[in-house]
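Asks: Sequence:
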Amino acid sequence: MPTPDPVYAWLQFPDRILEVEAHVIAWTDRAVLVEWGFGQATESAWVWRDAVRPLSGPLS
Numbered sequence: 001m002p003t004p005d006p007v008y009a010w011l012q013f014p015d016r017i018l019e020v021e022a023h024v025i026a027w028t029d030r031a032v033l034v035e036w037g038f039g040q041a042t043e044s045a046w047v048w049r050d051a052v053r054p055l056s057g058p059l060s
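The sequence shown begins at 1 in this note's numbering and counts up one residue at a time.
Quick caveat, the hints were computed from the structure, so don't treat them as lab data. Being a predicted model, the structure only gives us computed values, none of them experimental. Where is the CB? At the ideal position from N, CA and C, for every residue including glycine. Incorrect hints may appear among the rest.
[Stated by the list, open to error] Listed next, with one range per pair, are the computed distances between beta-carbon atoms:
no., residue 1, residue 2, range
1, R30, P54, 16 to 22 Å
2, A41, I17, 18 to 24 Å
3, W46, R16, 24 to 30 Å
4, A41, T3, 16 to 22 Å
5, W48, D15, 17 to 23 Å
6, E35, S56, 17 to 23 Å
7, Q40, L18, 26 to 32 Å
8, Q12, F38, 18 to 24 Å
9, P54, D15, 24 to 30 Å
10, S56, P14, 28 to 34 Å
Make the full structure from the sequences, and use the hints.
Replies: Laid out in structure tokens, this is it:
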């Protein structure tokens, strides 16, 4: 099974917006399914493609 690609992803919650280290699970032309966290605390969400960038890219 291939290893999911590591990325930075912007996530919006009701009380805050965070940039997290995540892994790409699936994608479409417009959106990316990312997964973040560890073990039983792992969560996932669909985000807009522009909210994701490679982990090797510079922070900005």
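Asks: Work down the list of hints and note, for each, if the structure agrees.
Replies: Results for each hint:
1. At roughly 18 Å, the beta-carbon separation of R30 and P54 lies within the given 16 to 22 Å, and the hint holds.
2. Separation of A41 from I17 is about 20 Å and conforms to the stated range, judged on CB atoms against 18 to 24 Å.
3. A hinted range of 24 to 30 Å is violated for the C-beta pair W46 and R16, which are about 19 Å apart.
4. Between A41 and T3 the CB atoms are about 20 Å apart, so this pair conforms to the stated range of 16 to 22 Å.
5. Our hint of 17 to 23 Å for W48 and D15 holds, since their Cβ atoms are close to 20 Å apart.
6. Judged by the Cβ atoms, the range 17 to 23 Å given for E35 and S56 holds: they are separated by roughly 18 Å.
7. With their beta carbons about 20 Å apart, Q40 and L18 fall outside the hinted range of 26 to 32 Å.
8. Distance hint check for Q12 and F38: the Cβ-Cβ separation is about 21 Å, which falls inside the suggested range of 18 to 24 Å.
9. Checked against the hint of 24 to 30 Å, the pair P54 and D15 passes, with Cβ atoms roughly 28 Å apart.
10. Taken as a hint, the range 28 to 34 Å holds for the pair S56 and P14, whose Cβ atoms sit roughly 31 Å apart.
Consistency note: the structure conflicts with the earlier hints numbered 3 and 7.
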